[in-house]
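Taken in sequence, the protein lines are chains A and B. Under the numbering used here, think of the first position of the first sequence as 1, with each following residue one higher. Under the numbering used here, think of the first position of the second sequence as 1, with each following residue one higher.
Just so you know, the hints here were simulated from the structure itself, not pulled from any lab data. Mixed in with the good hints there might be a few duds.
Said to hold, decoys possible - Derived pair list, reagent style DSBU-like, types lysine-lysine, alpha-carbon separation capped at 30 Å: (1) B:Lys-318 - A:Lys-250; (2) A:Lys-250 - B:Lys-305; (3) A:Lys-213 - B:Lys-318; (4) A:Lys-573 - B:Lys-558; (5) B:Lys-340 - A:Lys-573; (6) B:Lys-558 - A:Lys-498; (7) A:Lys-22 - A:Lys-34; (8) A:Lys-216 - B:Lys-305.
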Amino acid sequence: MAPPMGGRRMRGMKPTVKNPGKLFKRILGFVFKKYPVRLIIVFVCIVVSVLATIQGTMFMRTLIDDFIIPLTKSVKPDFAPLAREIFRVACFYLVGAAASYIQGRILVVVSQGTLRDLRNEMFNKMQSLPIKYFDTHSHGDIMSIYTNDIDTMRQIISSSLPQIVTSAFTIISTFVCMVALSIPLTGVTLLMVGVVLLVTKKIAGQSGKYFVKQQKDLGTVNGYIEEMINGQKVVKVFCHEEKNIEDFNKLNEQLFDSAYNAHKFANIIGPINGQLGHLSYVFCAIVGGILAMMIPQGSFFALSLGELASFLTFNKSFSMPINQISQQFNAIIMALAGAERVFGLLDEIPETDEGYVTLVRAKKVDGQIEETTERTGMWAWKHVHHDTGAVEYVELQGNVVFDDVDFGYNDDKMVLHNIKMFAEPGQKIAFVGSTGAGKTTITNLINRFYDIQDGKIRYDGININKIKKDDLRHSLGIVLQDTHLFTNTVMENIRYGKLDATDEEVIAAAKLANADSFIRHLPEGYNTMLTGDGSNLSQGQRQLLAIARAAVADPPVLILDEATSSIDTRTEKIVQDGMDNLMHGRTTFVIAHRLSTVKNSDCIMVMEQGRIIERGTHDQLIEQQGRYYQLYTGNKAKA
Amino acid sequence: MLKVLAEQTKGYRRDSALTPIFMILEVVLETMIPLLMGSIIDNGVEKGDMNHIIKMGIYMVIAAGLGLFTGLMGAKYGARASTGLAKNLRKTMFEKIQTYSFSNIDKYSTAGLVTRLTTDVTNVQNAYQMLLRMFVRAPATLVFAMTMAFRISSKLSMVYLGAVFFLTIVLTIGIPLVSKYFTKVFKKYDALNASVQENISGIRVVKAFVREDFEKTKFGKASQNIYNLFLKAENITILMSPVMMITIYTCILLISWLGAKVIVQNVMSTGDLMALLTYCLNILSSLMIVSFMFIMLTMSSAAAKRIVEVITEEPTVKNPENPICEVKDGSVEFKNVFFKYNQGDEGENVLSDVSLSIKSGETIGIIGGTGSAKSTLVSLISRLYDATDGEVLVGGINVKDYDLEELRNKVAVVLQKNVLFSGSILENLRWGNLNATEEQCREACELACADEFIEKLPEKYETHIEQGGTNVSGGQRQRLCIARALLKNPKILILDDSTSAVDTATDAKIRQAFKDKIPDTTKIIIAQRISSVQHADKIIVLDEGKVNGFGSHDELVKTNNIYREVYESQTNGNGDFDENGGED
């Protein structure tokens, strides 16, 4: 079934994660599987450092109650016990600091390592996906998984997760201490925490509402900017500047309004929670003060001055993590939405390959084909028959047959119907026809970028479904209409066609493709770096490189999609000659736009609406005075 | 740079000023609280004075309430100031870009301009908000907490002073180191993403050559490299945390020890000690915040720089002081025109010594190889660029003397890289003339042979065009663009390779329609196909920025080598064959 059509994902729609709990568990599982020992150490470290911090807070009580107050009362104060106590606490602190350092060190390895593994897994997965995935998802969307979504994952792993653990542990342990110190004061604190949560929820809701609107407005403004800047030259030509400014200002004002409100509410949460925290502190102080004075020592509610001091510190360290988590809530949900898309990519179903016929080097011994490791220049299909186990070798020649092929990108909408054709080794088959007639589609089928719904395609007599995809593609050369080059040297870009090609082979291929002379004129010749998809080259030069790249691979069958973009006549001649050289002696399927290509083809297929409506040589078709004649002459057909 | 940015706060200056004031007030109130706390313990609890506790408690509630008020105000004004700045920046940049000439636009890439208007603005907005709120708040906290601490005990507070001194040194060494590593990492990170982008757009090549494993290895290496760099950068950052912790703990223990001694000597109270310890965290954590804010600010300063660049860019083509507001006729004359894209000495002449005279109403074809400056030549007519030397005259008057809008309305250019905008077909057509009636639009479309396919669309002239016109074919898009230009009712119509994707038959039909329906308009047609210009009154043959030939088809075939070569190659089976250039 077809994946849902791409279409730019609406950025900033309210993030909705179907099952946050499950997703969270999956992230944890992913991390834990890779770094089980490290994660356990991290957990221990968190516990240790939280405990150390609490030890320190507890020290406040002992400091005042057990040391300072007795000291003030004694006539001859002895500071030695206090010194010992401070030394003891210092040790705790040191352990805590060490633990937090170790925790940090390990977490960096874990989080960066996980991100690296995620990136690699994503990329590896992506390489295994069928072309359909790339045709049905906008490239911008796929990219944003690598850029935005993985970034949010980093946030979860390196900061949210440890923070949640730390906060949870701090909250629990502080709570225990608070209860131990004074139950009524704990009650007061809890009450205030309740208020904080309530207020946060209310404001976060408001803020979220405006944030969604802001994201929407931002999307509109950005879309407008992108469109108009892209068409800025047209804007100038039509003197549309004033009108544009007017429209833009309207959108800009709207964005300001929602952005202002969104930020206002987001900013408010901090101070409100902070002051509520202070109020909690104040209430505890007053209630605590009353308890310390009114309740006689030894009774249940009794509180010493030192205990009050400690409690107040706990009060602060109790409300802090709660504030932090509540403020982060939105961010975490947002991050989970990113994680969902990352896992979405990882869960895509890869291209399947049930083929078992492989391509092997071969040599002929007494007329019999045998497998060999020598570089004989001869290749053969190795066909191991399932039922008998017998091995059969078929020489790779480049015979391609389409037998009543039907195809549709979706099952319910066929774009090719009853395609029948055959190409003998070395023949040149041209496809002509108007846009959308299905010419490019046919080339997608031979190398199994897409699988056909009905009929059969045979390669040297073997059903291509039985051939291992990699081997099938190795035996096919392809020059696409849009040339794609990679950031690397010219040499390496050509070598892409055959990784173990020597420099000499590369240069020979470039010569064959007519690319050698322009390459030698580049500042660093074959070592010139290409960047940004070869943006430093002209259209024609890029095409020449693509031809050279196919030439170095030296396949018996070629698929050529001629470029239509207007390059000037002279360059075109060079490109044309390069293509002709490449086609020589190979079975070639060419989507033709040039008369010269079409004219000397062995067979021309005229396509319309997914069907071959005319076929024959140039002369035959002209004679027919049908669609081809009409396309060729620009005159209306007789029939 | 700061001056330019400061100007952009216009309308939000009050907010920008009030935000830090409220933030400082909030800090003052916050710092009072530990003091009041101390007072409760000392004078209230220890002396058993319940009234004092209540009194101080009330003070504290008032302080918290005021703190809340100032906090809210700070939040509000901060949000207004920063989002207001962002709005102004977008507005100013957008308006500025509208005044850009073609050469200004060429200087920036489209993607670059979009980034400046979007991501960069958001970065600056966030930085400004932080600057107004946190950047004031944190140092203020530091100062007030320190002052309070000194008021309690100047001797003990020396401990804090020492700690601040120590941390400042650590941070000034550490932060540049960290930010250096992070800039490096993020650069690599961008490169990695760029290579992913490359892989996605070239996925057919990857799969066709079965290079999946090769790509995986390549990516894996780059990914590992980034991992290593990140580890380096983060390991330094992580060192900060224990240093900070140890400093805080040392302070606490030192204050406790020294405090105990002072209290015993009855110089200080236990309440004071408590307050002093509270300030410890305030002081040191705000120092930490300040230092990290420096990192953030340096990061966003790059964005600010890019924005200022756009704002301060000078448009190279400007309206004259006393513009002439009427274009008399469609005659065009080039007098010894030279042109180069880069002003100044460097750069080669793209056009050199071009002199031509075109009469009103003539049809002129232009032919020449890539880089022969065909597009450049015609763009001088509507002043999309200004000639470096020499004069371009339209209707007998130098184009530099015309009102720009009038000139461009009378000289309609259909650009080679043309775009349609999202909106209905009618809306797109009306770019040519905002007040055009539906009837006028239809007429223009008939002339451009666009009518025939529009009528076949389900919603006809109301059909929605996607951004960039992706839902119509190349040939259809070109015809719509021609119709749009025709609606201007121009005196000169320039088609820059505008029918390359239109099939030969329709192309001929359009040319015929031009001849019959708009005979008075000067038509200048750039084309690759000889058949598109063959029937023009005169044809200009351009070669490397020079006029190589200028005459009718018959003359040129006889006299001009370049023209003959192109003509022969196209008629001998090298021409365009396909009906529609744009492939699906």
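* Report the numbers of all earlier hints that the structure fails to satisfy, in ascending order. => 3, 6
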